[in-house]
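These are the residues of each chain, in order.
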Amino acid sequence: MHLSPDDIIFWQLGGFKVNATIAYTWGLMLVLALGSHLVTRRLSKGLERSRWQNLLEIVVTGIVSQIGEVGLAKPRQYLGFLGTLFLFVGTASLFTIVPGYEPPTGSLSTTTALAICVFIAVPMFGIGECGLGEYLKEYVKPTAIMLPFNIVSELSRTLALAARLFGNMMSGTMILAILLTITPFIFPIALSALGLLTGMVQAYIFSILAAVYIAAATRSRKPPREPQAET
Amino acid sequence: MLIDWFTVGAQVLNFLILAWLLKRFLYHPILDAIDAREQRIAQELADADRKKSEADLAREAFQRKSAAFDQERAALLNTATAAANAERQRLLDVAREEALSLSAKRQESLQSEAQALHLEISRRTRREVFAIARKALADLAGATLEERMVVAFLGRLQALSADDKEKLTSALQTAGKPIVVRSTVDLPTAQQAAIEGQVRDLLGATTTLSFETAPELVSGIELTTDGHKVAWSIEEYLVELESTVGDLLNPKLPPNAVPEKGKADVDRTAARDS
Numbered sequence: 001m002h003l004s005p006d007d008i009i010f011w012q013l014g015g016f017k018v019n020a021t022i023a024y025t026w027g028l029m030l031v032l033a034l035g036s037h038l039v040t041r042r043l044s045k046g047l048e049r050s051r052w053q054n055l056l057e058i059v060v061t062g063i064v065s066q067i068g069e070v071g072l073a074k075p076r077q078y079l080g081f082l083g084t085l086f087l088f089v090g091t092a093s094l095f096t097i098v099p100g101y102e103p104p105t106g107s108l109s110t111t112t113a114l115a116i117c118v119f120i121a122v123p124m125f126g127i128g129e130c131g132l133g134e135y136l137k138e139y140v141k142p143t144a145i146m147l148p149f150n151i152v153s154e155l156s157r158t159l160a161l162a163a164r165l166f167g168n169m170m171s172g173t174m175i176l177a178i179l180l181t182i183t184p185f186i187f188p189i190a191l192s193a194l195g196l197l198t199g200m201v202q203a204y205i206f207s208i209l210a211a212v213y214i215a216a217a218t219r220s221r222k223p224p225r226e227p228q229a230e231t
Numbered sequence: 001m002l003i004d005w006f007t008v009g010a011q012v013l014n015f016l017i018l019a020w021l022l023k024r025f026l027y028h029p030i031l032d033a034i035d036a037r038e039q040r041i042a043q044e045l046a047d048a049d050r051k052k053s054e055a056d057l058a059r060e061a062f063q064r065k066s067a068a069f070d071q072e073r074a075a076l077l078n079t080a081t082a083a084a085n086a087e088r089q090r091l092l093d094v095a096r097e098e099a100l101s102l103s104a105k106r107q108e109s110l111q112s113e114a115q116a117l118h119l120e121i122s123r124r125t126r127r128e129v130f131a132i133a134r135k136a137l138a139d140l141a142g143a144t145l146e147e148r149m150v151v152a153f154l155g156r157l158q159a160l161s162a163d164d165k166e167k168l169t170s171a172l173q174t175a176g177k178p179i180v181v182r183s184t185v186d187l188p189t190a191q192q193a194a195i196e197g198q199v200r201d202l203l204g205a206t207t208t209l210s211f212e213t214a215p216e217l218v219s220g221i222e223l224t225t226d227g228h229k230v231a232w233s234i235e236e237y238l239v240e241l242e243s244t245v246g247d248l249l250n251p252k253l254p255p256n257a258v259p260e261k262g263k264a265d266v267d268r269t270a271a272r273d274s
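First to last, the protein sequences are chains C and G. Here the first sequence stands for residues 1 to 231, numbered as in the working numbering. Here the second sequence stands for residues 1 to 274, numbered as in the working numbering.
The set of hints was computed from the structure by calculation and includes no laboratory data. Mixed in with the good hints, there may be bad ones.
As the list claims (entries may be wrong) - Straight-line Cα separation of at most 27 Å, DSSO-like style, residue types lysine-lysine; simulated pairs:
1. G/52 / C/45
2. G/65 / G/51
3. C/45 / G/23
4. C/17 / C/45
5. G/229 / G/177
6. G/229 / C/74
7. G/177 / G/165
8. C/74 / C/137
9. C/45 / G/229
What the hints assert, rightly or not - Stretches of chain C that chain G covers, calculated by requiring three or more beta carbons in the stretch to come under 8 Å of a beta carbon on chain G:
10. 3 to 15
11. 28 to 39
12. 51 to 59
13. 110 to 123
Unchecked claim - A few chain C positions that, by computed beta-carbon distances, are all more than 10 Å from chain G:
14. 142
15. 144
16. 153
Heads up, the beta-carbon is just placed ideally off N, CA and C, and yes, glycines get one too.
Put together the whole structure using the sequences plus the hints.
Here's what the structure looks like:
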């Protein structure tokens, strides 16, 4: 049993290797990009539209409205980053119903990579929105003594993001694997359904938390609002 | 080690590529389509609003025109009604005058017709009575009407009062002309002689008589001289008959009553039949 899909290596050449994490990620990217392209190449701008277009419109407008509800003034500006986070994590969880599939998000490397993306994107959006000085001032508020605590907070929440997603996704896969060895019937199906739910919830949590961090970073000039509680 | 840093780097790269791909193939096209649809809907709503406002304006204009038209129609209708009423009144007046005129003419016509009919009835009645009397006398008494007429005439002469006789005699003497005895038909010589004898007995032996025939007497004999007359005629009976029949036929009609059409027709038919 592999604890992480990183351990399943399909091809390796020196330090360059193609493991299951990367391979399944490419698969997901292919499905997402190709599916989107197939639907959006014949988009209808009128009142009549296809069911697939309807589905994608619901997904996209749902993500935009969720971003807006977090408090970001221009949701479409962050759609590329936050929407991709949600779709990638959600699709990775959704495909767990395919036998033999290992979710890339069950690898700490993937979740770390996503957390690093968030860790980099938050200050980028903050600086882009408020300017470098204004953004850095946030670290010494209310007093300069808070600077180390704020830095630790940034790092720890990034780590928490990575560990939370990894733990949830890995545990789902692990429990399923263990149950298959103990009770091969019925229970794995129930656990698989539970895993789907957990995976979608985690995708939501991950992207919403990223949105909250970005909102906190880009709101330095605006009246502060209560950030949503972490789960 | 749970973290493979090569994989971390590859996944960061993969994520960035995926973000670009989705932006390229999903977010932009979908959002563009939604924006285009919203814009189109907004445009259609704006068009609908514009058309609605135009329709409101047109409806208001139509209502104004309709109200003006209604007023004009009501005014025209009132004018036409008044004119029609006046014309109707005028026509009614004309018709009433014409009806009165026709009624008067009809009344006159009926009256003249009734007079003519009356005359005709009188004439025929006289003739018929005369014929009946002649026949009845012949059948019952074996006498002619003229004989009985002469007898009645002579009886009337004899029945004259002394005063009347005196007046008659003086009238005959002052006139100096022969006494004219007029009768319906030519009297036979014997009866002429009887009348002559009776008159001479009554008035004097020198009296001369002249006998004439007068068809207008119908049936009778009369003796006339200057202003005096002694006569017997069936006319007297006819007058009485006429009076009685007249009372039966015209029972208390009001003076201006117009006879009914049916009755006038019956009268006319009776006259034609008779």
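field: Hint check, failures only
entry: Hint check: 4, 6, 9 fail, others pass.
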